[in-house]
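S.K.: Based on the sequences and whatever the hints tell you, model everything.
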Amino acid sequence: MVDYNFNKIEKKWQKSWETKKIFEVGEKSKKKKYYVLDMFPYPSGAGLHMGHAFVFSLGDIFARFKRLQGYNVLYPIGYDSLGLPAENAAIKAGTHPKEYTEKSIANFMKQQKAMGWSYDWSRMVKTSDSEFYKWDQWIFLQMLKRGIAYRKKAPVNWCSKCESVLANEQVINGCCWRHEDTNVEIKHLEQWFFKITNYAEELLNGLDKVDWPENAKKLQRNWIGKSFGAEIEFSINNKPWKIFTTRPDTIFGVTFMVVSAQHPKLMELVTDKQKKEVEKFLKKIKSVSMKSMKDVENLDKEGVFTGSYAVNPMNNEKVPVYAGNFVLADYGSGMVMAVPAHDQRDFEFAKKYKIPVKWVVKSKVAEYTVIEKSLPKDKIAKLKDYGGISIIKEDKDWGKFYKVSVNLNNEGKFIKFLESNLLKTSDEGGAWYADSFTTTRAVVFPNKHFILNNVNDIQDYIKYGLKLGIPRNQLEVELQAFIDYGILTNSQGFNDLESSEAKEHIVKALEFKKLGKKTIQYKLRDWLISRQRYWGTPIPVVYCDKCKENVEKNSTELSFYDQESFENLKNGLKTVETRALNPEEKNRFFGNTIKGKYIKCVNKVNGEILFFEVVNVKIFKKLADFYKEKDLLNKTFSKEINSLSDLEDCYKFIEDYLDRINKNGLISWEIKRIIPGIVLISESQLPVKLPDKVKFGEGNPLTTNKEFVNISCPKCGSSAKRETDTMDTFVNSSWYYLRYTDPKNSRKIFDEKKVFYWTPIDQYIGGPEHITMHLIYIRFYAKFLKDLGLVKFDEPALRYFTQGIVHGSDGDRMSKSKGNVVEPLDTIEKFGADTLRLALVSFASPDSNTNWDEKTVLGSHKFLNKVFEHFSNIKYLKSSKADPRIESKINKLVKEVTVDIENFKHNLAVIKLRTFFDFMQDKNIDKENAKKFIVLLSVYCPFISEELWEKIGGKGFVSLADWPKFDDKKIDLKLEKQEESFEKTISDVLNILRIIKEKNGKDGDKVYLYVLPNELDIYNEENLSRRINKKVKVFVVNDKNKYDPGGKSNKAKPGRPGVFVE
RNA sequence: GCGGGAGUGCCAGAGUGGUCAAAUGGGUCACGUUAAGGCCGUGAUGGCUUAGUGCCUGCGAAGGUUCAAAUCCUUUCUCCCGCACCA
593 MVDYNFNKIE KKWQKSWETK KIFEVGEKSK KKKYYVLDMF PYPSGAGLHM GHAFVFSLGD
653 IFARFKRLQG YNVLYPIGYD SLGLPAENAA IKAGTHPKEY TEKSIANFMK QQKAMGWSYD
713 WSRMVKTSDS EFYKWDQWIF LQMLKRGIAY RKKAPVNWCS KCESVLANEQ VINGCCWRHE
773 DTNVEIKHLE QWFFKITNYA EELLNGLDKV DWPENAKKLQ RNWIGKSFGA EIEFSINNKP
833 WKIFTTRPDT IFGVTFMVVS AQHPKLMELV TDKQKKEVEK FLKKIKSVSM KSMKDVENLD
893 KEGVFTGSYA VNPMNNEKVP VYAGNFVLAD YGSGMVMAVP AHDQRDFEFA KKYKIPVKWV
953 VKSKVAEYTV IEKSLPKDKI AKLKDYGGIS IIKEDKDWGK FYKVSVNLNN EGKFIKFLES
1013 NLLKTSDEGG AWYADSFTTT RAVVFPNKHF ILNNVNDIQD YIKYGLKLGI PRNQLEVELQ
1073 AFIDYGILTN SQGFNDLESS EAKEHIVKAL EFKKLGKKTI QYKLRDWLIS RQRYWGTPIP
1133 VVYCDKCKEN VEKNSTELSF YDQESFENLK NGLKTVETRA LNPEEKNRFF GNTIKGKYIK
1193 CVNKVNGEIL FFEVVNVKIF KKLADFYKEK DLLNKTFSKE INSLSDLEDC YKFIEDYLDR
1253 INKNGLISWE IKRIIPGIVL ISESQLPVKL PDKVKFGEGN PLTTNKEFVN ISCPKCGSSA
1313 KRETDTMDTF VNSSWYYLRY TDPKNSRKIF DEKKVFYWTP IDQYIGGPEH ITMHLIYIRF
1373 YAKFLKDLGL VKFDEPALRY FTQGIVHGSD GDRMSKSKGN VVEPLDTIEK FGADTLRLAL
1433 VSFASPDSNT NWDEKTVLGS HKFLNKVFEH FSNIKYLKSS KADPRIESKI NKLVKEVTVD
1493 IENFKHNLAV IKLRTFFDFM QDKNIDKENA KKFIVLLSVY CPFISEELWE KIGGKGFVSL
1553 ADWPKFDDKK IDLKLEKQEE SFEKTISDVL NILRIIKEKN GKDGDKVYLY VLPNELDIYN
1613 EENLSRRINK KVKVFVVNDK NKYDPGGKSN KAKPGRPGVF VE
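The first sequence lines up with residues 593 to 1654 when you count with my numbering.
Note that these hints are calculated values from the structure, not bench results. Predicted model, so just to flag it, every value in this text is computed and none were measured. Where hints are given, some of them may not hold.
[As the list claims (entries may be wrong)] Here are the in silico distance ranges between beta carbons for each label pair:
| no. | residue 1 | residue 2 | range |
| --- | --- | --- | --- |
| 1 | N1441 | K1625 | 49 to 57 Å |
| 2 | E1149 | K1210 | 20 to 28 Å |
| 3 | K612 | N1441 | 37 to 45 Å |
Even glycine gets a Cβ: it sits at the ideal position worked out from N, Cα and C.
M.R.: Dropping the structure here:
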């Protein structure tokens, strides 16, 4: 027996690949590029876990596959080495995060190499490397200049003992993770945000262009959460207040308003009389928000009357305004119109505070619950004449409870039917309960006639039901809001319209009154990137009080009454304003500001203030000069004004304006959004490095480091303080794939040519947990960088594959506390990396969750043992030409395996490889075809394949060989069929032998086969004898000299020979 | 509550209209090999039946569409995952 020394083999090839650098790639290849990317790991001290082993193996298999197919494959790796866990682990271990991280990375690399993953190691990046995060800072500055990065107040978790902000996962049961007795407070602090919502629509549309799993796309769409609705103005104390609703069709049902308790302008609504009440309420809420998340989830809808009334723009009704804890301050406008009849939350609120409920949408069907006992038996069947019927439940006293959905047209008839057929068991007569106002649901009681129209009726209903002995849980008494679409009622001129139609009409009516408009809302929020932590990318800005003073003193104030222009400025859509040099036109936007001065833009509508710095002011005598300078001459523009260039182009269409320019020339401002007092570190000063010497345990280690914090302002030179927040680590992973294309560039973020050549990612592989976070961010970054002109693609990852999770053998997530963790390294030591790789893809389809199974590992190992042994003793056929069966099989194998790998169906591909190997073992094949098998195997088990490749005399490395081609013509289905017949015959014979033995207690000795003349070549005596392990003699049926004492030759059918055993 | 996904033989897990009693691996059993065990090899593994056959039951449950359903539709139950008061 030959010893499969996987240990020696794997070390040998690992070294060989590394010294020959066979996986390093460049841009100067004639091959087509292909970019395969694994999500880079966070290097934890624990080393690789099974999930890593799995997902990276999937990536490696795909990269190897594409490489063999002849692509120039970029398959890089790096480390997402900044982050909270490293900091925490380091604190725990008493080391510096840097040291901890470096150690972890070294450990990772060793293990990754042992797994045989074919990375181009020359392109490795680490996000903790200042040469990497330098470019994070650079992008940040670009975002800041364009208004994509901004600051605003946001609630954070604050531990007073740590004097630090905590991440959500550091809050345990409402307390600090390190101070279990300290309640975490919610503080509102100034935080940095990225304006990802600017790209909401693009992010949504881009999903149509990518080849991702449908569920991943759905998840993202849901996350972005686009909804159409209306913005409606309610007048409160003669001031307009906008609200957003998706149900304008229910506007006639508004009976109160609720403003978020966190609304910044809440107090404006509170009357003096109610002030105390409201303040009391706010205090109460605050204490609740400090409890655990679970309590918040089960929070009751609570509120307090503000004392103000709002006027409904449709019917001019006055409704009270409440402050409530269930309204989100940062979604929509922080205030809702409450329609208790048609919204469950509003309904509960109304019930609690006894606010009237007004029903304005009728269901299209009425639902009745009919109790079997209440109707004569023969009438029950009749129920279905009135609509759909189904059984809800069965009760031993009351019989079945039927749900009857009655079409509204039929309702009258149905009620008559009920009335005339109810059992009359008492003087009160038969009974039925018609519906509540909401669900039009009814229960038919045996003895009483019941119609419920309001909340009070319910009490009677329950009492009666209980009196009858119906268990309380079977009394469907809880009134609920009717939230479905239906037919409008109680809605003045809009009655009898269908909800969706009514929506349109009502919005139009509001638009006509200028009190509302159709709008779009997104659930997506801006991305909070501030982390009050050490081990992250420092945010490259400085706070300078002097500069702040300077800006405020030297700025020209401009007032905006036009919301849209203001929003455009705010969103950074417009960075240049031009205007003709016309003295009549005063201060249209920027006025007579000059370079180095500042503009303070005040939104008179909502009081918001923005600051801009004038970067450049130029005067052009002719419009043509301006175009030339801006390089706009040969551009074509859309007429929609979305950007600066559109705006400039737009002026061409205004003849009058053009005329004025021709007379007077044109002035152009280049402006930059600034936040007073915030000074950018200049690009040449990057990176802002993390200081090495820091103290942990006393708040943010950066804040306590005086050398880091204190700095002279880069702009004015006076003493200033650095920003001590660091960036969320998702920032690093949002563009790392671009850096791989040019990882060592110190001049630029990356070389355009290199990026254009390699990107976008052709195949991205990662876990399902990243769909809503990382994969949104990476797409957002791509879109921003495209706007900068740094990349050319819309979507960073064309194809995405989500792998499943490898669970422990007990089906639970692998975790130390459960003791079901299997370390990849242990398995490699015991069985080799090839075995582990093979086993990982054999468990199940890679996109479903799988359970670790030691048996599968053993099975895989057995297989590789067999393969190794077989190739050690193999005798090759000279050529396959003599046997078309081999040709047929190998071509079919190549064809199917290629498709399977392309679709990540590795479990199926492996089965096919194994089946083919069984065939190979049974029947020697020629060298060329054996080579093909090795190439196919090499994507899964590269080490053993290299060894076998060398043995068989293959050229170079199997890792760089050619993926075999297949020829459809050589796949011979007839041969396959014949083989099936052969197998079936063997099975038949064995079956007969078994039965004989069971019956007679002795074995048959000799087997005679009677085959049809044209099938003789299928049945080779030698092969048959070997498989059956008995002497087999084959006769043709019409052979006159055949030995056939049983007359079995008569039984021969096509594909199924006669059999005789003696 | 909303959204997504899944339920297949002893187990894991393929299969998404006929070629399906259902791939493959594991387990179990039998036989071979062996002094024996292991390894290895061969076969069996829903029920009944039979010298290689035939029939029945069957892919969570109940209905339905179809000449034909594990596969399509409806209802329902169970489990897993994600999001959580999104107006």
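S.K.: All hints are to be evaluated individually against the structure, with a verdict given for each.
M.R.: Verification of the hints:
Taken as a hint, the range 49 to 57 Å holds for the pair N1441 and K1625, whose Cβ atoms sit roughly 54 Å apart. In this structure the supplied range 20 to 28 Å holds for E1149 paired with K1210, their Cβ-Cβ distance being about 23 Å. The beta-carbon spacing between K612 and N1441, approximately 38 Å, falls within the hinted interval of 37 to 45 Å.
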